[in-house]
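Just so you know, the sequence shown maps onto residues 70 to 240 in this note's numbering.
Keep in mind the hints are simulated off the structure, nothing from the lab.
Predicted model only: the values in this text are computed from it and were never measured.
From the three backbone atoms N, C-alpha and C, an ideal C-beta is built for every residue, glycine too.
One or more of the hints may lead you astray.
Said to hold, decoys possible - Ranges of calculated distance between the beta carbons of each label pair, as one might list FRET restraints:
#1 119 <-> 140: 29 to 39 angstroms
#2 119 <-> 211: 50 to 60 angstroms
#3 76 <-> 184: 20 to 30 angstroms
#4 181 <-> 80: 51 to 61 angstroms
#5 214 <-> 175: 24 to 34 angstroms
#6 163 <-> 121: 27 to 37 angstroms
#7 189 <-> 137: 44 to 54 angstroms
#8 128 <-> 203: 31 to 41 angstroms
#9 215 <-> 119: 30 to 40 angstroms
#10 170 <-> 115: 11 to 21 angstroms
#11 202 <-> 71: 30 to 40 angstroms
Said to hold, decoys possible - Keeping only pairs whose Cα atoms sit at most 30 angstroms apart, straight-line, the calculated BS3-like set for lysine-lysine is:
#12 163 <-> 99
#13 163 <-> 129
#14 129 <-> 181
#15 181 <-> 163
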Amino acid sequence: MGVEVALVTALVAGTAMSAYSSVQQGRQAKLTADAQSDQAQIDADNAASAAVVQADRIRKMARIQAGEANAALAASGVEVGAGTAVNINEDIYKNAEEDAAMTIFNGENQRKRGYVDASNISLAGRQAQSSANMQAAGTVLGGAAQGFMGYSNWKASAGSNGKAAGVGGNG
Numbered sequence: 070m071g072v073e074v075a076l077v078t079a080l081v082a083g084t085a086m087s088a089y090s091s092v093q094q095g096r097q098a099k100l101t102a103d104a105q106s107d108q109a110q111i112d113a114d115n116a117a118s119a120a121v122v123q124a125d126r127i128r129k130m131a132r133i134q135a136g137e138a139n140a141a142l143a144a145s146g147v148e149v150g151a152g153t154a155v156n157i158n159e160d161i162y163k164n165a166e167e168d169a170a171m172t173i174f175n176g177e178n179q180r181k182r183g184y185v186d187a188s189n190i191s192l193a194g195r196q197a198q199s200s201a202n203m204q205a206a207g208t209v210l211g212g213a214a215q216g217f218m219g220y221s222n223w224k225a226s227a228g229s230n231g232k233a234a235g236v237g238g239n240g
């Protein structure tokens, strides 16, 4: 009976180890996906923040350009508070504001895409973990079935006295 116990023990241990390994792989896949998801959200937020900073730079450059235009016009004797000078400044500010708004809009779109990517990455991690858990359950069930079939076959070959037949079929 010692051999049977050893075989069953080995089968149970192997099945348990395989199931544990599957569960651990699923956990690791989920942890990795969660970290990637978090990084995708950080990257998305950084893209949106960078867009705001860039929009501020565009506006600052517009103020500098308008000041330079006013200085050039004033140096040439044009009145800077009326007519062409005002139109030039309005165009500079209008164009800069359009560029700034588009920059912010693009940054927000990057943020939204980044959050969708993060969500998809997180979902993939949960699916990998679920798949690994199901694989582990299948391993346990398969091991149990294999053990049952092995025991049944051994019991049937052992005969009515519960002992295996000896060499040459002599028992």
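Tell me, which hint numbers fail for this structure? 3, 5, 6, 8, 9 and 12
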